[in-house]
Amino acid sequence: MIVAEHLHKRFDDGDVAVKEAHFDVAPGEIFGLLGSNGAGKTTTVHMILGHVEPTSGRALVNGIDVTKDPLAAKRHVGYVSENVLLYGTLTAEQNFRFFARISGADVPAARERELLAKVGLGGAAKRRVETFSKGMRQRLGIAIAVAKDPAAIVMDEPTTGLDPVGARELSMLMGELRSAGKAILLVTHDIYRLKELADRIAVMRDGELLAPVATSAIRDLEALYHEAMGAPLVREVGRVA
Amino acid sequence: MPNPTIEIAKKEFLENVLSMRFLIALGLSLLILTTSVLVLAANHRDDQGSFATNQASMEQMSENDFVKVSLQISRVIAKPNLLSIFTGGPGDEFRKSTDAMPFRMSSAETSGGSSSPTNKRFDPLDLGFVAAVVMTFMAVVFSYDAVSGERERGTLKLMLANPVPKDAVLFGKYLGGMASILLPFALSVVVALAALSLTGVRLNGDEWGRLGLILLLFVPLASAFYLLGLLVSSLSRKSSTSLLALTLVWLVLVFGAGNVAAVVAKETVATATEGDMQQAFAEVNERANAKSSSIGDELLALYELRQAQNGTLSAEDEARLKALEAAQSEVWKSADAERSAIVANARRKLDNQLARAETIASVSPAEAFRGLSTALARSDYWTYKDMSAAVEEYRKEVEKARAEWLADNPPPKGVGPGGAVAYTITIGGPAFSTNGPRFDPPLFRYEAQSVEEQLSSPSGARNLAVLVAYNVLAFLGAYAAFLRYDVR
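These protein sequences, in sequence, are chains A and B.
Its first residue numbered 1, the first sequence is counted upward by one per residue in my numbering.
Its first residue numbered 1, the second sequence is counted upward by one per residue in my numbering.
Source of the hints: derived by calculation from the structure; they are not laboratory data.
Some hints here could point you the wrong way.
Derived DEER-like restraints, expressed as beta-carbon distance ranges [to be verified]:
#1 B:480 to A:196: 26 to 36 angstroms
#2 A:120 to B:20: 24 to 34 angstroms
#3 A:196 to B:469: 51 to 61 angstroms
#4 A:37 to B:480: 27 to 37 angstroms
#5 A:65 to B:216: 45 to 55 angstroms
#6 A:36 to B:363: 49 to 59 angstroms
#7 A:133 to B:476: 55 to 65 angstroms
#8 B:23 to A:36: 42 to 52 angstroms
#9 B:152 to A:206: 26 to 36 angstroms
#10 B:20 to A:196: 34 to 44 angstroms
Residues from chain B shown here face chain A by an in silico Cβ test under 7 angstroms; the list is partial [unchecked claim]:
#11 15
#12 154
#13 157
#14 314
#15 487
In this text, all values refer to a predicted model and were calculated from it rather than measured experimentally.
The beta carbon of each residue, even a glycine, is placed where N, CA and C say it ideally should be.
Starting from the given sequences, assemble the full structure and let the hints guide the process.
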């Protein structure tokens with residue numbers, strides 16, 4: 001599972017990106033972090049991944065303090081980032097194997113085939129990634145993230161730029177991962193995706209995390225969106241729909 | 001558990017090898033190296049032809065492996081240098097054929113133009129060019145986006161979301177990147193050597209050893225540029241910025257340093273021009289002629305008196321005649337010494353100019369490599385100087401041996417005044433009479449500087465230190481920059 005304990009980040013230039021963010025993601029849960037660009041979502045993610053050291057507070061993955069023992073913590077977390085290009089000259093399976101091996105996982109060939117097939121890339125395993133669509137790359141990114149069988153998965157804007165079909169496929173994969181007991185932190189500004197997938201949603205605005213609410217308890221989606229983005233939902237409808 | 005450094009190195013190598021830039025690097029180095037080796041081998045064959053012709057006309061005086069010198073009293077023809085095919089240098093111009101007369105400079109030495117040692121030091125296109133120019137640029141091309149490119153593609157944060165220490169990423173990238181640079185270079189060298197062997201050129205053991213060392217020195221050279229690339233890439237957020245900055249650094253180090261060094265050295269250390277030399281010689285000749293003609297007038301009067309007195313002179317006049325003859329000879333000896341001093345001084349200035357240029361230029365690892373590789377190939381100016389000094393010593397030795405031989409074998413009477421001047425001896429050739437005694441001069445022996453001596457000489461040690469320093473400093477810089485690198 002993922003725990004953020006009063007995570008706080010002040011950068012060298014004095015900018016406070018995250019203010020005392022406090023939340024946890026349980027196994028088998030999709031936790032949605034909603035906010036506009038610059039709200040502090042990505043900095044929070046990077047603190048959980050050990051890319052950025054918190055000024056105060058701490059992040060735990062599977063009970064391991066990310067700052068104190070980053071390498072051990074990283075064994076338990078998979079990461080799917082926004083629009084990752086991967087290594088274009090390498091094939092899907094070469095990319096998969098590389099990331100699997102540096103994660104410390106020894107993935108047998110059968111498991112590799114199974115995972116690639118599961119994300120719909122069974123027939124494209126030997127194709128160069130530079131020939132892939134954005135959706136195919138994101139799906140490969142998910143296969144890579146789960147290769148080490150992590151307890152937690154962090155997804156940072158995974159559906160950005162995907163067409164509706166690609167986004168739908170990705171959503172289904174996320175649902176399957178939740179069913180498999182993974183703790184999933186889903187960071188996005190796509191409120192429809194969150195409404196559909198997340199068990200709980202927390203709004204992040206100007207570095208502050210508002211109290212998470214259960215998705216089932218959300219009555220006024222438009223108000224929540226307005227709160228998170230500082231703009232009416234109607235502006236986004238045309239793009240999301 | 002797989003070692004992340006090795007995994008990253010393998011990935012880096014595979015990614016590079018499958019890229020278009022690798023094919024371009026391979027194609028370029030193959031093309032330039034193979035054609036240059038073939039062209040330079042053809043030139044070498046021509047040089048050898050001339051050498052053989054010259055040797056046929058002059059008896060060979062040395063069994064030395066490196067310098068097969070044949071000489072008449074003053075002319076030296078050196079055996080063409082096979083290693084110049086791989087890395088030529090300014091010394092080659094001088095070694096082909098040179099005068100060992102201490103009071104004469106070659107036109108290359110006095111031209112001050114494109115064939116001057118200072119200019120020749122910085123130009124030829126050969127293996128040295130491929131290594132110092134083409135492959136160092138390839139090192140830049142392979143490294144400029146090693147870090148910033150991973151960030152742009154989002155793979156750096158993906159990589160570091162795994163249990164991989166940052167230094168493993170840097171080491172892995174370094175190992176994989178270096179393998180990607182060394183592979184096309186090694187393939188090109190193998191193909192070029194295969195092409196060379198088809199032309200019938202064979203290297204001996206010493207030449208193989210020296211060529212091997214030159215190739216080995218390419219590793220720290222390529223490494224210096226690759227690490228500089230890693231450093232700049234680790235300081236840049238964008239690959240385009242990194243490429244621009246590195247191209248600038250590369251241009252300064254590969255071309256700028258040498259050219260600036262040559263200009264600074266030429267501006268700060270003046271050398272004698274052909275005109276300066278002619279004027280200095282003319283002054284010496286004028287003084288010597290004036291002295292000689294005043295002595296000559298008196299000598300002529302005494303010769304005429306002796307003729308008028310049926311070949312006899314009073315004891316006083318006889319003593320005066322001898323004194324005048326000695327003074328006359330002294331005038332020309334002294335003029336020779338003056339001319340030698342003028343040339344020695346001019347050569348010293350020329351050497352100082354080149355030495356200063358090389359010292360300044362060695363701020364660049366590419367120039368440090370060129371300095372070391374031309375020294376190892378013995379195509380540098382200093383090897384020529386070393387050989388030239390040995391030939392001059394040899395000339396003195398021959399003169400001394402000839403004088404001793406003449407004392408033991410006085411010339412037949414009536415051959416000429418003083419006798420000895422009648423012996424215009426071609427060393428190794430027939431003496432005065434084919435039936436008479438024969439002068440056997442000492443053999444020319446020359447031991448070129450060994451590899452150890454070259455590498456431990458002040459310039460060799462400095463160049464090695466420059467290569468090592470670039471590697472150490474660039475690595476530490478890249479390491480520090482990458483540890484602080486914001487992967488987001």
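Results for each hint:
1. A hinted range of 26 to 36 angstroms for the beta carbons of residue 480 of chain B and residue 196 of chain A is inconsistent with their spacing of about 46 angstroms.
2. Between residue 120 of chain A and residue 20 of chain B the C-beta distance comes to about 29 angstroms, which sits within the given range of 24 to 34 angstroms.
3. The hinted range of 51 to 61 angstroms is satisfied by residue 196 of chain A and residue 469 of chain B, whose Cβ atoms lie roughly 60 angstroms apart.
4. In this structure, residue 37 of chain A and residue 480 of chain B meet the distance hint of 27 to 37 angstroms, their C-beta atoms being roughly 31 angstroms apart.
5. Between residue 65 of chain A and residue 216 of chain B the beta carbons are some 47 angstroms apart, a value that agrees with the proposed interval 45 to 55 angstroms.
6. Distance hint check for residue 36 of chain A and residue 363 of chain B: the Cβ-Cβ separation is about 51 angstroms, which falls inside the suggested range of 49 to 59 angstroms.
7. Taking 55 to 65 angstroms as the suggested C-beta distance range, the pair residue 133 of chain A and residue 476 of chain B does not conform, at roughly 43 angstroms.
8. Checking the proposed 42 to 52 angstroms range against residue 23 of chain B and residue 36 of chain A shows it holds: the Cβ atoms sit about 45 angstroms from each other.
9. At roughly 28 angstroms, the beta-carbon separation of residue 152 of chain B and residue 206 of chain A lies within the given 26 to 36 angstroms, and the hint holds.
10. A hinted range of 34 to 44 angstroms for the beta carbons of residue 20 of chain B and residue 196 of chain A is consistent with their spacing of about 42 angstroms.
11. With 7 angstroms as the threshold, the beta carbon of residue 15 of chain B comes within range of chain A, its nearest partner Cβ sitting at about 5 angstroms, so the hint holds.
12. Given the 7 angstroms rule on beta carbons, the hint for residue 154 of chain B holds: about 4 angstroms separates it from the nearest Cβ of chain A.
13. About 6 angstroms separates the beta-carbon of residue 157 of chain B from the nearest beta-carbon of chain A, less than 7 angstroms, and the hint is met.
14. Of the supplied interface hints, the one on residue 314 of chain B is violated, with its beta-carbon coming no nearer than about 104 angstroms to a beta-carbon of chain A, more than 7 angstroms.
15. Interface hint at residue 487 of chain B: satisfied, since its Cβ lies 5 angstroms from the closest Cβ of chain A, which is below the 7 angstroms cut-off.
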